[in-house]
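Undergrad: Here's the letter readout for the chains.
There are 2 protein chains.
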Amino acid sequence: MAEQKIDFTRSDDRINTLLEYVQEIVDLSSLAALADWDQQTAMPDGANEVRGHQMATMSGLVHDRQTSPQLGELLKSLEDVVHQPQYSDADRALVRDTRRAYDFAVKLPRELVKEMEIARVDAFNTWVKARANNDFGLFAPKLKKIIEFQREVADRWGYKETRYDALLDAYEPGFTAAKVSALFEPVRDVSKTMLKRIQQSGNKVDMSSVSGQRFDVEKQKELCIKALKAMGYDFNRGELRVSAHPFTTSFGSPFDVRVTTRYQEDYLPMGLMGALHEGGHAVYEQGVAPTLVRTPLASGATMGVHESQSRLWENIIGRSTAFWKGQFGLVRECFPEQFQQVSAETFARALNNVEASLIRVEADEVTYNLHIIIRFEMERAMMNEDVSVESLPSMWNAKYQDYLGITPDSDANGILQDVHWTSGFGYFPSYTFGNLYSAQIYNTLRKAYPDFDERLAGGDVSFVLNWLRENLYAYGTIYQPEELIQRVTGEAPNPQYLVDYLTNKFSQIYNL
Amino acid sequence: MAEQKIDFTRSDDRINTLLEYVQEIVDLSSLAALADWDQQTAMPDGANEVRGHQMATMSGLVHDRQTSPQLGELLKSLEDVVHQPQYSDADRALVRDTRRAYDFAVKLPRELVKEMEIARVDAFNTWVKARANNDFGLFAPKLKKIIEFQREVADRWGYKETRYDALLDAYEPGFTAAKVSALFEPVRDVSKTMLKRIQQSGNKVDMSSVSGQRFDVEKQKELCIKALKAMGYDFNRGELRVSAHPFTTSFGSPFDVRVTTRYQEDYLPMGLMGALHEGGHAVYEQGVAPTLVRTPLASGATMGVHESQSRLWENIIGRSTAFWKGQFGLVRECFPEQFQQVSAETFARALNNVEASLIRVEADEVTYNLHIIIRFEMERAMMNEDVSVESLPSMWNAKYQDYLGITPDSDANGILQDVHWTSGFGYFPSYTFGNLYSAQIYNTLRKAYPDFDERLAGGDVSFVLNWLRENLYAYGTIYQPEELIQRVTGEAPNPQYLVDYLTNKFSQIYNL
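Protein sequence lines, in the order shown, are assigned to chains P and C.
When we follow my numbering, the leftmost residue of the first sequence carries the number -9, and every step to the right adds one.
When we follow my numbering, the leftmost residue of the second sequence carries the number -9, and every step to the right adds one.
Treat the hints loosely; a few may be bogus.
[Unchecked claim] Computed list of lysine-lysine pairs in DSSO-like fashion (alpha-carbon distance at most 30 Å, straight line):
#	chain 1	residue 1	chain 2	residue 2
1	C	K315	C	K209
2	P	K216	C	K315
3	C	K211	P	K119
[Unchecked claim] The following label-pair restraints were derived from C-beta to C-beta distances:
#	chain 1	residue 1	chain 2	residue 2	range
4	P	G449	C	D256	39 to 47 Å
5	C	P280	P	Q76	26 to 34 Å
6	P	Q76	C	E375	55 to 63 Å
7	C	K119	P	R252	32 to 40 Å
[What the hints assert, rightly or not] Residues from chain P shown here face chain C by an in silico Cβ test under 7 Å; the list is partial:
#	residue
8	L21
9	G42
10	Q44
Source of the hints: derived by calculation from the structure; they are not laboratory data.
Beta carbons: idealized from backbone N, C-alpha and C, even for Gly.
Required output: the full structure, derived from the provided sequences and hints.
TA: Right, dumping it as structure tokens:
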């Protein structure tokens, strides 16, 4: 990507005025994100209701600011000139993203936003209980409410062909359900094919080094911190906590980007790979150019591009033999007894067991996209068809039987496993977008460094982070996904890279 | 106190409109408090600057709301009617407190509020470094800035006799520097007298059971949690963390009230008594009537009344033999080795060592008020006289020599020891107000329960909490301090109760 100044044209007063507008909005949104982080990692249960009110107040306020008539006027006036060469790509992106948020927001009345926020908090709190008690019936009325709100949102935003398009476009601009289906098709095919070939081979991966023994949780945390530091996550701008579902959040990228993971005492990859996944999101946000701070541009380009970085770090790098050859000392330091007889190769192999399983976040690279495609299809049905909420668990279970050949033993391990639907629909496809983009970016990275594996195996990780920072992270949201992937890799998004990556990697691991 | 409905007249639309105004303000202030809590207990250093901007944005927003002309009109119209008998004491207090905040805020321009918030964050961050490096010179320019801002604030608010009166009145309505001096005089006299008598007696308290051994910090935390539960702090509405300076904060009383303490491995009372102190603040806020939630009334009446509850629980109850007779099992559970040979009486006695010391937060009940009176006098000088910032450390040290007979060995243990001045002046006197009120309330409590000591020694603490909730906590800020103390104790604030309490308690402990 050509060298370019990543900054706003601060000599222009209209740009400065727009910056002041968005800085206020971003400051408030950052504090709302902090409240959400607190709610998921620390808040006492007794505060649920009052926190719901506080979040609703904040959402309403942000909404007011995003829809102010003065902002509308300012955007119009800038849209007349910002294409001119004296303006920067950052200026153009600022106008574009602010316009997008403005248009989304003006189409949603403030009262609706408040109601939706109260419903989200309510759904989240109920989901926690419903999952703990394996009681979908408890969650069903909340999900029904979410579906109704999401349909109303889609109708108000507008869409090309189907309701679900509106929500997809919100996360990955330019994409529709039909386009996504076409892009996902080769991924679904290679996933099913590879799963069958692996199952038929009868070959197994030995997981005994990472599973079924006791891994002290405090030591796991220490390992996660060391692994995050090894990949370049900056703890002077971040923190690691525990939450029910791992996530990354930012209260002012690139300066405050925090991650969570969760630990399972007898299964090391749960905590460690969760940390690497969130670490991938986090190094992306920590790598945004500081000139973009307190603007909507200080973030990942889209949810899909964001996921490309969590998947790149977790899977492509974090489950590679080369990476663990370079970092195995960290594992042995934290768990000397468990790993004194185990090689880096055996450890890395143990992270690549392929199995048809029930839980998305524990799924391997081969089956992962099948979990996503099921959710994509269910969201499409909830948005575009008249399915009853009561029928959703059986629809879920039938799809798992169809795609993965297994049926969930409980709703807690089935339809209740993910937090995402408490916030609405359209996010899940991002994970498979992420896998698609990550394989394509990885291909480019390997071309840039023909000695890629040797460097990693020698303990150097910084060359990967530096290349990604320079070519991708620094730009924040300046470029939209298709242009961005074109700029980074020289080619539009192409599923063939993921198909090849999965085929090659797992043919080798499973000796097919 | 007569039974009375603690609620607003919700059938009146003007009251409802006022409630909507203040709920929004309180919601935002709660989220700002959450951000401050995060900053002091978790936030990575790299986020200092961006967080400063976020807090400034939030302050500005709250300021806008507190000064909106519509709110001014609404207050005027309610002030014409709210004295009528169909309105409740809660309505009247809501109008009074909102008016007070409105008047304070309209006198401070939004730009000034923003600058002050940035200066506060800057001063706080500098203070952390200055204290760590024992470098007053680093902090001096920040303190100078704070003094200038506080003078400007006082001038804008207005005052009766001296500048400092404005700040005192903000914390303890109705009080001036002259009134405070008069009230504090008997306290200063009894403190100096008792200190001298104790020193001259040559008698000592044996502290070896709580000091100079190793007390595992995790176990200390466990003990703090158990002790907080014993006094009735509700963890379903709270949390305990660690911070450099212990504090209590609320993000929606009575439903989310959190506390911090700090631990010293070789000195048990640091963590434990810090937790009981903050626990006292916290049970007060957790005891506010739920009808007052999301209003400015859901808080302690004043800083002084708030301190009366932290001092009551920390000192009067938490350093009494009767309390530890009832709760010594907790101490032995956490530290069986250290306390198997120690009695509850010996433990309680060890918590009452009297000594002229440098550090306020470690001071005993006899000398504590001398630390406060020094700060009171220094604040008065900074506000009312032309003292140079450079001369403050020597002024501080001279006063310690005068009042306590000792001189600080370093500024870190002297003028840099407290965080308070980074937020301005006027708070410190609250601690001695707290001691005055607490002794008076304790006197009333003992009259209500002639078997007070026997109950406590038998392990019952709930009768104390229940009485305080019913007679004091539930009312939040409805009554101002002089009226409140009159209602709770049947008498105006009277320093004689503290004089008697200190004289009797320490004559007995030191066998004078």
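Undergrad: Each hint needs a verdict: does it hold in this structure or not?
TA: Cross-check of the supplied hints:
About 20 Å separates the Cα atoms of K315 (chain C) and K209 (chain C), which keeps this hinted pair within 30 Å; it holds. With a C-alpha separation of about 47 Å, the suggested pair K216 (chain P) and K315 (chain C) falls outside the 30 Å cut-off, and the hint is violated. Taking the CA atoms of K211 (chain C) and K119 (chain P), the gap is about 28 Å. The hint holds against a cut of 30 Å. A beta carbon spacing of about 41 Å between G449 (chain P) and D256 (chain C) agrees with the range 39 to 47 Å that was offered as a hint.
Checked against the given bound of 26 to 34 Å, the beta carbons of P280 (chain C) and Q76 (chain P), roughly 59 Å apart, lie outside it. Checked against the hint of 55 to 63 Å, the pair Q76 (chain P) and E375 (chain C) passes, with Cβ atoms roughly 56 Å apart. Checked against the hint of 32 to 40 Å, the C-beta distance between K119 (chain C) and R252 (chain P) comes to roughly 35 Å, which is consistent with it. Because the smallest distance between the Cβ of L21 (chain P) and any Cβ of chain C comes to about 5 Å, under 7 Å, the interface hint for this residue holds.
Checking G42 (chain P) against chain C by beta carbon gives a least distance of about 10 Å; that is not within 7 Å, so the hint is violated. Hint on Q44 (chain P) holds. Least Cβ distance to chain C is approximately 4 Å, under the 7 Å limit.
Of the numbered hints listed earlier, those contradicted by the structure are 2, 5 and 9.
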